[in-house]
Amino acid sequence: MKEESATEMMSKVGGWNLVKEDGTLKLHRSWKVKSFTKGLDLFQLVGNVAETEGHHPDLHLVGWNNVKIEIWTHAVGGLTENDFILAAKINGLDLHHLLRKKTAT
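In the numbering used here, the protein residues as written are 363 to 467.
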């Protein structure tokens with residue numbers, strides 16, 4: 363997917379950022395969770411969606427409460443429509459019980 367097409371699709375995945383790392387387009391999102399174990403719980407919820415979709419994001423738990431997710435299609439070295447579908451499904455998860463009151467995006 364070209365950057366112009368990806369930019370147009372960003373309105374469908376609020377809270378996500380479009381980034382280019384070493385020439386590769388990716389979707390990034392981050393959250394602050396209440397605790398380390400809440401971060402692991404968030405990963406479990408995201409993992410369930412990823413398994414259902416057959417599309418697996420990169421998950422990072424940095425420090426004790428910073429969760430970061432990167433989505434891109436490794437096979438094509440960039441973004442596809444499936445990446446945006448996965449991001450939208452992650453957005454549909456009820457995460458409020460895991461997050462600190464103010465979240466990062």
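I should point out that these hints are in silico values taken from the structure, not numbers from a laboratory. Given the structure is predicted, the values throughout are model-derived calculations rather than measurements. You may find that some hints are simply not true.
Think about it this way: if two alpha-carbon atoms lie no more than 20 Å apart in a straight line, the pair counts; the simulated SDA-like pairs of lysine to any residue are [to be verified]:
no.: 1; residue 1: LYS451; residue 2: ASP384
no.: 2; residue 1: LYS374; residue 2: VAL424
no.: 3; residue 1: LYS374; residue 2: ASP456
no.: 4; residue 1: LYS382; residue 2: SER367
no.: 5; residue 1: LYS374; residue 2: TRP393
no.: 6; residue 1: LYS430; residue 2: SER367
no.: 7; residue 1: LYS382; residue 2: ASP456
no.: 8; residue 1: LYS394; residue 2: THR435
no.: 9; residue 1: LYS451; residue 2: GLU413
no.: 10; residue 1: LYS396; residue 2: ILE447
no.: 11; residue 1: LYS400; residue 2: THR435
no.: 12; residue 1: LYS394; residue 2: GLN406
no.: 13; residue 1: LYS394; residue 2: GLY440
no.: 14; residue 1: LYS374; residue 2: GLY440
no.: 15; residue 1: LYS382; residue 2: THR435
Beta-carbon label-pair distances, calculated as ranges [claimed, not checked]:
no.: 16; residue 1: LEU402; residue 2: LYS364; range: 21 to 27 Å
no.: 17; residue 1: LYS451; residue 2: HIS422; range: 32 to 38 Å
no.: 18; residue 1: GLU415; residue 2: GLY439; range: 33 to 39 Å
Just so you know, even glycine gets a beta-carbon here, dropped at the ideal spot from N, CA and C.
Status of the hints after comparison with the structure:
This hinted pair does not check out: LYS451 and ASP384 have alpha carbons roughly 27 Å apart, beyond 20 Å. Simply put, LYS374 and VAL424 have alpha-carbon atoms about 27 Å apart, too far for the 20 Å limit, and the pair is violated. Proposed proximity of LYS374 and ASP456 is supported: the alpha carbons are some 18 Å apart, at most 20 Å. With a CA separation close to 14 Å, the supplied pair LYS382 and SER367 stays within the 20 Å bound.
Restraint check for LYS374 and TRP393: the C-alpha separation of about 19 Å stays at or below 20 Å, so the hint holds. Only pairs whose Cα atoms come within 20 Å are accepted, and LYS430 paired with SER367 is rejected, the gap being roughly 24 Å. Proximity of LYS382 to ASP456 is assessed by CA-CA distance (about 28 Å); at most 20 Å being required, the pair is judged violated. For the suggested pair LYS394 and THR435, the alpha carbons sit about 25 Å apart, so the restraint of at most 20 Å is broken.
For the proposed pair LYS451 and GLU413, the alpha carbon gap of about 12 Å is at most 20 Å, so the pair holds. Taking the CA atoms of LYS396 and ILE447, the gap is about 27 Å. The hint is violated against a cut of 20 Å. Proximity of LYS400 to THR435 is assessed by CA-CA distance (about 27 Å); at most 20 Å being required, the pair is judged violated. The hinted pair formed by LYS394 and GLN406 meets the criterion: a straight-line CA distance of about 16 Å does not exceed 20 Å.
At roughly 26 Å between alpha-carbon atoms, LYS394 and GLY440 are farther apart than 20 Å, so this suggested pair is violated. Of the supplied pair hints, the one linking LYS374 and GLY440 holds, its CA atoms being roughly 18 Å apart against a limit of 20 Å. At roughly 13 Å between alpha-carbon atoms, LYS382 and THR435 fall within 20 Å of each other, so this suggested pair holds. The given range of 21 to 27 Å is broken by LEU402 and LYS364, whose C-beta atoms sit roughly 36 Å from each other.
Range check, LYS451 to HIS422: Cβ separation about 19 Å, and the 32 to 38 Å hint is violated. At about 19 Å, the beta-carbon gap between GLU415 and GLY439 misses the expected band of 33 to 39 Å.
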